[in-house]
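Chain by chain, the residues run as shown.
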Amino acid sequence: MSSRRSRSRQSPGSSRITEDQIADLVSKLQRLIPEIRNRHSDRVSASKVLQETCNYIRSLHREVDDLSERLTELLASSDTDSDQAAIIRSLLM
Amino acid sequence: MKTPSNSIKRRFALKFLRTLVRIRKSTHQPSPSQSSTWEIRRRAQRIKLAAYSSMARTVGSKRAWSRALTMKLRAAMGNRPWSMIKQESKKMTRRKLIAKRKRHMEKDLNSGVQELRRLVPGGQWMDPLSLMQETAHFLRCLETQVRVMRSIVAEGEGFPC
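Going line by line, the protein sequences match chains A and B.
Counting in the working numbering, the first sequence runs from 1 upward without gaps.
Counting in the working numbering, the second sequence runs from 1001 upward without gaps.
If you're looking for bench data, these hints aren't it; they were derived computationally from the structure.
Just so it is clear, the structure is predicted and the values come from calculations on it, not from any experiment.
Mixed in with the good hints, there may be bad ones.
Unchecked claim - Calculated pairs, EDC-like style, for lysine to aspartate or glutamate (alpha carbon to alpha carbon, straight line, at most 20 Å):
hint: 1; chain 1: A; residue 1: Lys48; chain 2: B; residue 2: Glu1155
hint: 2; chain 1: B; residue 1: Lys1025; chain 2: A; residue 2: Glu69
hint: 3; chain 1: B; residue 1: Lys1009; chain 2: B; residue 2: Glu1143
hint: 4; chain 1: B; residue 1: Lys1009; chain 2: A; residue 2: Glu63
hint: 5; chain 1: B; residue 1: Lys1015; chain 2: A; residue 2: Asp65
hint: 6; chain 1: B; residue 1: Lys1015; chain 2: A; residue 2: Glu69
hint: 7; chain 1: A; residue 1: Lys28; chain 2: B; residue 2: Glu1115
hint: 8; chain 1: A; residue 1: Lys48; chain 2: B; residue 2: Glu1115
hint: 9; chain 1: A; residue 1: Lys28; chain 2: B; residue 2: Glu1155
hint: 10; chain 1: B; residue 1: Lys1015; chain 2: B; residue 2: Asp1127
hint: 11; chain 1: B; residue 1: Lys1025; chain 2: A; residue 2: Glu73
Okay, chain B solo, but in the shape it has when bound (with noise of 0.2 Å):
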């Protein structure tokens, strides 16, 4: 089973942090305490789609899901709600789920594995082998990734101000 090594985890630090440097300059304001409440949900917003794509270019084409991610999020990106993305895996999940209910052997097992395709990005189109094995690699990647979101912002709120 491949599994992401420490050499993800320095090059998802690396290029996060530069995104959060370039991110500080563009929104730095005078008074801080000014921003509403809609201006801190959109940085907010802004720094969540950095850190999912800058441990999707840091795993790059390798991976099925990490090349799924970059598509979604280059959407995102052009300014369409996170949320409406989710939606449009609702019509392939749909079919599926007629599907399924034809089946009531396996029904547990096969209810996970549908919701487990619509957590994994680009699970609805892998079979299921490789589906588990794209689940593997991205649940470490996305343990890293918090993991080092985790550090800085401990390190952050270690400063005082």
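So that you can see chain A by itself, here it is in the shape it has in the complex (with noise of 0.2 Å):
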């Protein structure tokens, strides 16, 4: 970790990567990614694993607004303590 470390530029605004650096980059993220996990490949570019990084972290993005939406409209209408009390449980159990 420390050779790799010496080896990478100095200025944070570099963003050369080294050969390294591109096979750790893929082999970490490529286990996150689920689009590239279903697809059973082995060989996946970098630029492929980043690119569907970005796209999977945009899509998240969208779902927390469609949920925050939904979530609006569940507090607006929920009157009970007994089902905040329930979801608590449930969510913790």
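Take the two lone chains, each set in its own frame, and fit them into one complex as the hints suggest.
Printed below as a string of structure tokens:
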């Protein structure tokens, strides 16, 4: 790890990527992206991994937007505290 | 690779739920059907910010992305619109875009990295390796956040009103 650090550039503005960093990047992110995981492909290009990562993050943000709207409606309509207690219980048990 | 644990899920769920209760108490109206579209949008925005802020607070100052997100959210809660916060990083991005155009060899990779820097909080200031590590952790936390929100909505919508 330390040898990798000494090889990488000092300035934070640099976006030059070394071979090691590419391999690292692909292996780490590949496992996290459902798109790529589900396709059972062994060899995915680094730029594809990055592209899918960006797409995935954006889709998660959109889902947060949608869920927030639905939560707003739920909060407005739910009247009893027993609902909330049940929700909390179910989430934590 | 450090990944978020179940304790992050629980701590986030607790914080977020507490915030939801607080929001409900402060906005509860006798006839919710009379809320204007604008009011509903405003409330949804509050809940959305509460979700990101609860996750950022759960992770605390341990990760660069959570520190950057906390700073962003503080500005957002000070009533500057969320989209404005994204505008500020365009200054740094422009300089990097110019530098990127000079390098034709790793074009695709760099543009992917550029895009990722915009999406991950604090990404503009990270070296490529840290960026990947922060992305991995950020992604797992974001997934956890979405999963918890889905559960809450599912429970809430499952109850007859």
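So which of the earlier hints does this model not fit? The structure breaks hints 1, 9 and 10; every other hint is satisfied.
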